[in-house]
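Number of protein chains: 2
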Amino acid sequence: MKLNRSEQNPILSANPKNEWENMVVLNPAVIFDDQRQEFVMLYRAAGDTEKHYIYLGLATSKDGIHFTRQSDKPILEPDYEGADGGCCEDPRLVKFGDWYYLTYASRPYAPGRYWLDVPKPWIDPPQSGPAYLKYNNSATFLAITQDFRHYKKLGRMTDSRLDDRDVILFPETIDGKFVRLSRPMNWAGKGFENEKPAIWIAYSGDVLEWGSPALLMKGETWWESKKIGGSCPPIKTEYGWFHLYHGVAEKDDSYRVGAILLDLKNPSKIIARTKDPIFEPEA
Amino acid sequence: MKLNRSEQNPILSANPKNEWENMVVLNPAVIFDDQRQEFVMLYRAAGDTEKHYIYLGLATSKDGIHFTRQSDKPILEPDYEGADGGCCEDPRLVKFGDWYYLTYASRPYAPGRYWLDVPKPWIDPPQSGPAYLKYNNSATFLAITQDFRHYKKLGRMTDSRLDDRDVILFPETIDGKFVRLSRPMNWAGKGFENEKPAIWIAYSGDVLEWGSPALLMKGETWWESKKIGGSCPPIKTEYGWFHLYHGVAEKDDSYRVGAILLDLKNPSKIIARTKDPIFEPEA
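Chains as they are written, first to last, in our numbering: chain A, 1 to 283; chain B, 1001 to 1283.
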């Protein structure tokens, strides 16, 4: 199986008119809104600034290809004095009843130009303080919305001592439990079944508080040799939960896409898994 | 042992000039600031409004009795769209190195006039959602500050499924661990050693993430028959950690003050405990 690119790409580009989105737009969440009969996209965006605060923007589409921006302002932004003070990144959306549940990654402070090795003078936390501050850790947060314009933030749903930004909720409860996938970066190597960061699964009756995650799958082939993590919420099919995930290769540091099928009643059980990537960067 | 009241009482009263503090001021945290050589008070305050948002105000004193307000605005307020969206209540302050650590109780939504049995039309959370929203639970949050005017909020430090608002940090780490007392309201009755809400102790290398609390002490006498909980941070003495706590009586629903002495090296060990209250309401 291989995926083909749309000729319409890119379907959304950085917007030079707004400072908060004039550098990059990437890593969106897209969901089909039954009531409005349209695709809704929350996209990660950042401007060309030193601190590099990261925001979510809103766009919609009737056909899933041509998207129109719905706001000149971020639709979700960091609480600058709060626990998600640095960024709102990598959204994922699922719907339970009348409410959309949004998971997003954040850090206490803006990450700065993290692709450059430059100091971040605005970060000066107590060195005796929590790991979350000291290392400006990524954690995953939960928010809920009904209209994609107003959100109630509910705080962290991962252990703040870990870098754990790839949380993905299943779109249904199973046996009354919420289910999630995540990729705790620190849970690899000595003392763990996986040498490199891998995908873990956890269950919760609550959605905000979670039991201990169990290892679901680890990298097996060359293109998964550096780490693997989930991508978007699993899709229910008659054959099982269909889930796209990403693998990163030691060889070229590239992200590639793979797919798994998880048992409908027991998503801790993997039914099938692609050996080769189904999508990868082109030169 | 009995405590005597100061003739200067009340040392702070509601302030009719500001809507946010024109109804009540209560439950303060007071710490002596070595550098400024003054007592610093963060006080809980609320106005006479339907939603009854709750704030912290700031006052200082040279003698610990005569306090002067330092701001016409709340010094800490709810993040209205966030996890501490309803209130900032019941502050406690300790100092680690150059930083003050503030624990405070909050809820996702304003509590309303909770002493009256009236509906709260602004609270309409998803019933399938987390307990924190569904029951508008009290949880305890952590923030840090260096000047009492600017705070970095760090999010929840208690399990959001519990009503757990009485978190008190010890002012020092012990064997490299942060130590806290708390009163998880739900951990009482069937399946627990305590019939009524009681004081639990927990340890953490991190201050934001905590291991499972263990029962420290439960109510024993008539004035502790409804529940007991900690009051202010323990004070280090040569005899042990001196801690004031509160007991509530079934008989009259009144709060009374007791004292305990905890082992300096192992604060899970109680050395001494008052049998009678050392302070109680007067008619």
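These aren't lab readings, by the way, just hints derived from the structure by calculation. Predicted, not measured: the structure shown is a model, and the values here were computed from it. Beta carbons: idealized from backbone N, C-alpha and C, even for Gly. The reader is advised that the hints may include incorrect statements.
[To be verified] Listed next, the in silico DMTMM-like pairs over lysine to aspartate or glutamate satisfying Cα-Cα at most 25 Å (straight line):
{"#": "1", "chain 1": "B", "residue 1": "K1051", "chain 2": "A", "residue 2": "D147"}
{"#": "2", "chain 1": "B", "residue 1": "K1120", "chain 2": "A", "residue 2": "D98"}
{"#": "3", "chain 1": "A", "residue 1": "K134", "chain 2": "B", "residue 2": "E1193"}
{"#": "4", "chain 1": "A", "residue 1": "K190", "chain 2": "B", "residue 2": "D1206"}
{"#": "5", "chain 1": "B", "residue 1": "K1120", "chain 2": "A", "residue 2": "D206"}
[What the hints assert, rightly or not] Facing chain A, from chain B, some residues (calculated, C-beta under 7 Å):
{"#": "6", "residue": "S1160"}
{"#": "7", "residue": "A1202"}
{"#": "8", "residue": "D1206"}
{"#": "9", "residue": "L1208"}
{"#": "10", "residue": "F1279"}
{"#": "11", "residue": "E1280"}
Verification of the hints:
At roughly 24 Å between alpha-carbon atoms, B/K1051 and A/D147 fall within 25 Å of each other, so this suggested pair holds. Proposed proximity of B/K1120 and A/D98 is supported: the alpha carbons are some 20 Å apart, at most 25 Å. Straight-line distance between C-alpha atoms of A/K134 and B/E1193 comes to about 37 Å, which puts the hinted pair past the 25 Å bound. For the hint linking A/K190 to B/D1206, the alpha-carbon distance of about 21 Å falls within 25 Å, and the restraint holds.
Between the alpha carbons of B/K1120 and A/D206 the distance comes to roughly 23 Å, so the proposed pair stays at or under 25 Å and holds. Nearest Cβ of chain A to the Cβ of B/S1160: about 5 Å, under the 7 Å cut. The hint holds. Given the 7 Å rule on beta carbons, the hint for B/A1202 is violated: about 15 Å separates it from the nearest Cβ of chain A. This hint holds: B/D1206 has a C-beta 5 Å from the nearest C-beta of chain A, less than the 7 Å allowed.
Look at B/L1208: its Cβ gets to within about 4 Å of chain A, closer than 7 Å, so that hint holds up. The criterion of a C-beta within 7 Å of any C-beta in chain A is not met by B/F1279, whose closest approach is roughly 34 Å, and the hint is violated. Nearest Cβ of chain A to the Cβ of B/E1280: about 37 Å, over the 7 Å cut. The hint is violated.
Of the numbered hints given earlier, the model fails hints 3, 7, 10 and 11; all others are met.
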